[in-house]
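K.L.:
Letter by letter, the chains look like this.
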Amino acid sequence: MAEQSKAVVQVKGLHKSYGDVHALRGLDLEVGAGQMLGFLGPNGAGKTTAIKIISGFIAADSGSASICGFDCESQSLDVKQVLGYLPENNPLYLEMRVVDALGFIAAAHGLSGVQRKDAIDRVVEQTQLQEVYWRQLRYCSKGFRQRVGLAQALLNDPQVLLLDEPTNGLDPLQVVEMRKLISGLRASKTVMITSHVLSEIEAVADRVVVLNHGVKVMDKNISDLADEQLLAVEFCCTEDKLREICQQAHATVEQIVEASKAGRCQALVKANNLAPELVANLAKAAVALNVDVAMLSPRGHSLEHEFRKICHDNGGKE
Amino acid sequence: MRLLVIARREFFAYFESIIGYVVVALFSALAAALFFLVGDVFFSYNQASLRHFFANMPMLIAVIAPAIAMRVWAEELRSGTVERLMTLPFSIGQLVVGKFLGVWAVFAVALGCTLLAPITVEMLGDLDWGPVIAAYVGTLFMAGAGLAICCFLSATTTNQIVAWMFGACVLLVFNLIHLLATAVFVPRWLAELSLNLDMSQHFNAMSRGVIDLSSIGFYIGVMVVALVANTLVLSSGRFR
Numbered sequence: 011m012a013e014q015s016k017a018v019v020q021v022k023g024l025h026k027s028y029g030d031v032h033a034l035r036g037l038d039l040e041v042g043a044g045q046m047l048g049f050l051g052p053n054g055a056g057k058t059t060a061i062k063i064i065s066g067f068i069a070a071d072s073g074s075a076s077i078c079g080f081d082c083e084s085q086s087l088d089v090k091q092v093l094g095y096l097p098e099n100n101p102l103y104l105e106m107r108v109v110d111a112l113g114f115i116a117a118a119h120g121l122s123g124v125q126r127k128d129a130i131d132r133v134v135e136q137t138q139l140q141e142v143y144w145r146q147l148r149y150c151s152k153g154f155r156q157r158v159g160l161a162q163a164l165l166n167d168p169q170v171l172l173l174d175e176p177t178n179g180l181d182p183l184q185v186v187e188m189r190k191l192i193s194g195l196r197a198s199k200t201v202m203i204t205s206h207v208l209s210e211i212e213a214v215a216d217r218v219v220v221l222n223h224g225v226k227v228m229d230k231n232i233s234d235l236a237d238e239q240l241l242a243v244e245f246c247c248t249e250d251k252l253r254e255i256c257q258q259a260h261a262t263v264e265q266i267v268e269a270s271k272a273g274r275c276q277a278l279v280k281a282n283n284l285a286p287e288l289v290a291n292l293a294k295a296a297v298a299l300n301v302d303v304a305m306l307s308p309r310g311h312s313l314e315h316e317f318r319k320i321c322h323d324n325g326g327k328e
Numbered sequence: 102m103r104l105l106v107i108a109r110r111e112f113f114a115y116f117e118s119i120i121g122y123v124v125v126a127l128f129s130a131l132a133a134a135l136f137f138l139v140g141d142v143f144f145s146y147n148q149a150s151l152r153h154f155f156a157n158m159p160m161l162i163a164v165i166a167p168a169i170a171m172r173v174w175a176e177e178l179r180s181g182t183v184e185r186l187m188t189l190p191f192s193i194g195q196l197v198v199g200k201f202l203g204v205w206a207v208f209a210v211a212l213g214c215t216l217l218a219p220i221t222v223e224m225l226g227d228l229d230w231g232p233v234i235a236a237y238v239g240t241l242f243m244a245g246a247g248l249a250i251c252c253f254l255s256a257t258t259t260n261q262i263v264a265w266m267f268g269a270c271v272l273l274v275f276n277l278i279h280l281l282a283t284a285v286f287v288p289r290w291l292a293e294l295s296l297n298l299d300m301s302q303h304f305n306a307m308s309r310g311v312i313d314l315s316s317i318g319f320y321i322g323v324m325v326v327a328l329v330a331n332t333l334v335l336s337s338g339r340f341r
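Chains as they are written, first to last, in our numbering: chain A, 11 to 328; chain B, 102 to 341.
Chain A extracted, bound-state conformation (with noise of 0.2 angstroms):
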């Protein structure tokens, strides 16, 4: 586990059904002041009716959530101070300009005059809106709606930020724009990022949490999965004389992926920081046993590979 002391957002046994469907079956989590924490899971893990609790616009069947110590059900009114929100999708009154959701939003926060001003062009800097500024939203690119979206989430200076989702349907361009915006973010706001994009919360969180069939799966921080890298390997040979080159350089078999492909045997193997004398060391034993060396090349931390995992061992769908 990977929760913080000082606890911002606090969940406990939180269940939740629609008809007979279980969209969260007794979720626990503690989100610490100032983390970034990224709920992952495939579609229909229950990660967005989490955050719809969270939020106050759906009640948990039961179970508890709090913001900052306000419960979001009993004192939602509290909690909407205190956070700002994008839902999934960003629904926007698409005839509106810009500047007005702006406005609406401050207003509707009890900003008005100076104040009211002095926040939007607050956020209209923090997420570049200035060239949209009088645009009516119909006329947005999606990007800059879903800017607008993080914009009149930021407006009311919010101590936890949830965002559903978003980079949901934006071009490569515009993901890593949204992800630097969010990425800005760091550390001067709680915030929980979902998605099922894995490199997406690999970039910006720093702690991650996985859900699948309303249960947590996982709960990591992104520091001790980069220490958890992963080694492709693939040697001319049988399964078990790659199982005795690893063992003889020290390295943890993670998964046999193809044993019969031509006499040659992949796999996926645990290299912590990918340590050089781990692929020497592989190299140097597959010479020894008179095996050919096909492949040795770095995967990246094992993120992907564990969610792949649970979701497969818990019969999700990816």
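To be clear, the hints were calculated from the coordinates, so they are not data collected in a lab.
Built from N, CA and C at the ideal position, the CB exists for glycine as well.
Among these hints, one or two may not hold up.
[To be verified] Stretches of chain A that chain B covers, calculated by requiring three or more beta carbons in the stretch to come under 8 angstroms of a beta carbon on chain B:
no., stretch
1, 57-70
2, 81-95
3, 99-106
4, 116-128
[As the list claims (entries may be wrong)] For each label pair, taking beta carbons as the anchor points, the in silico distance ranges come out as:
no., chain 1, residue 1, chain 2, residue 2, range
5, B, C214, A, H25, 50 to 56 angstroms
6, A, N53, B, V139, 54 to 60 angstroms
7, B, V274, A, Q136, 49 to 55 angstroms
8, B, V123, A, P182, 40 to 46 angstroms
9, B, V123, A, S122, 31 to 37 angstroms
10, B, L277, A, S122, 44 to 50 angstroms
[To be verified] Short, incomplete list of chain A residues facing chain B, as computed with Cβ under 10 angstroms:
no., residue
11, Q146
12, Q162
13, N166
14, L172
Knowing the structure of chain A, use the given hints to seat chain B on it.
P.N.:
Coordinates of chain B only, in the frame set by chain A:
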């Protein structure tokens, strides 16, 4: 005041698209046409009176109020903006009342545009403005009751057309229910109840220029019941 933030957004949302202008123009045009043109009622009476102008109001409101209120919640629910709205620091009750005030203000603008009718009559003869003002006040309250009912019905569907149809049907019932009293087989208590529930019956006195406080109370009661029902529907989270 927080309610006004919602009311103002709702009001201006109508005039940011063509819908608001169409509804206002349609209401004013229909009200004027029914009064000045249809059946030649105004000119044949040869009196500077607006009684027949206001006699058409209950049925006009039964058509126009659902048109104004149909999008209030149905569109929010369809587009998903209800999620944004409900995660802002407002209670559901504030949202319901704020939106209602917004659409009531839209109707007030539409009603304001019909002032051309009394002004025209004033130019043609000597109009007594007292009854006209009383009838305008009555119309505003009757429309308020109709709009509150339609706002509630709008929260029960994600389709604006369905919301309009629901609203028009319910308001027609509320305007024709007094006919029950004329049926022979209806017991006395039911006949009285039908007369008391009929929105047009409550408007009759006010259309003649009498401000009837019990009728105003009836309209306010309908508004309160409809707005509470609206709040309960949204709180139930059926669409979330």
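K.L.:
Take the hints in turn and mark each one as holding or not.
P.N.:
Structure-based check of all given hints:
Only residues whose beta carbon comes within less than 8 angstroms of a beta carbon in chain B count, and the stretch 57-70 of chain A has 6; three or more means the coverage holds. Judged by the Cβ-Cβ criterion of 8 angstroms, the stretch 81-95 of chain A is covered by chain B as claimed, because 5 of its residues qualify and three suffice. Residue count for the stretch 99-106 of chain A with a Cβ under 8 angstroms from a Cβ of chain B: 6. That meets the three needed, and the coverage hint holds. Interface restraint, the stretch 116-128 of chain A with chain B: holds (4 residues with C-beta to C-beta distance below 8 angstroms; minimum three).
For C214 of chain B and H25 of chain A, the hinted distance range of 50 to 56 angstroms is satisfied, since their beta carbons lie about 54 angstroms from each other. In this structure the supplied range 54 to 60 angstroms holds for N53 of chain A paired with V139 of chain B, their Cβ-Cβ distance being about 58 angstroms. For the pair V274 of chain B and Q136 of chain A, the supplied restraint of 49 to 55 angstroms holds, since their beta-carbon distance comes to about 53 angstroms. The hint said 40 to 46 angstroms for the Cβ distance between V123 of chain B and P182 of chain A, and at roughly 42 angstroms that hint holds.
Between V123 of chain B and S122 of chain A the beta carbon distance is about 33 angstroms. The supplied range of 31 to 37 angstroms therefore holds. Judged by the Cβ atoms, the range 44 to 50 angstroms given for L277 of chain B and S122 of chain A holds: they are separated by roughly 47 angstroms. A distance limit of 10 angstroms between C-beta atoms decides the matter here; for Q146 of chain A the minimum to chain B is near 8 angstroms, and the interface restraint holds. At its closest, the beta carbon of Q162 of chain A sits 8 angstroms from a beta carbon of chain B; the interface hint therefore holds under the 10 angstroms criterion.
With a least beta-carbon distance of about 8 angstroms to chain B, the hint placing N166 of chain A at the interface is held under the 10 angstroms criterion. Look at L172 of chain A: its Cβ gets to within about 9 angstroms of chain B, closer than 10 angstroms, so that hint holds up.
Violation of the numbered hints given earlier is absent; every hint is satisfied by the structure.
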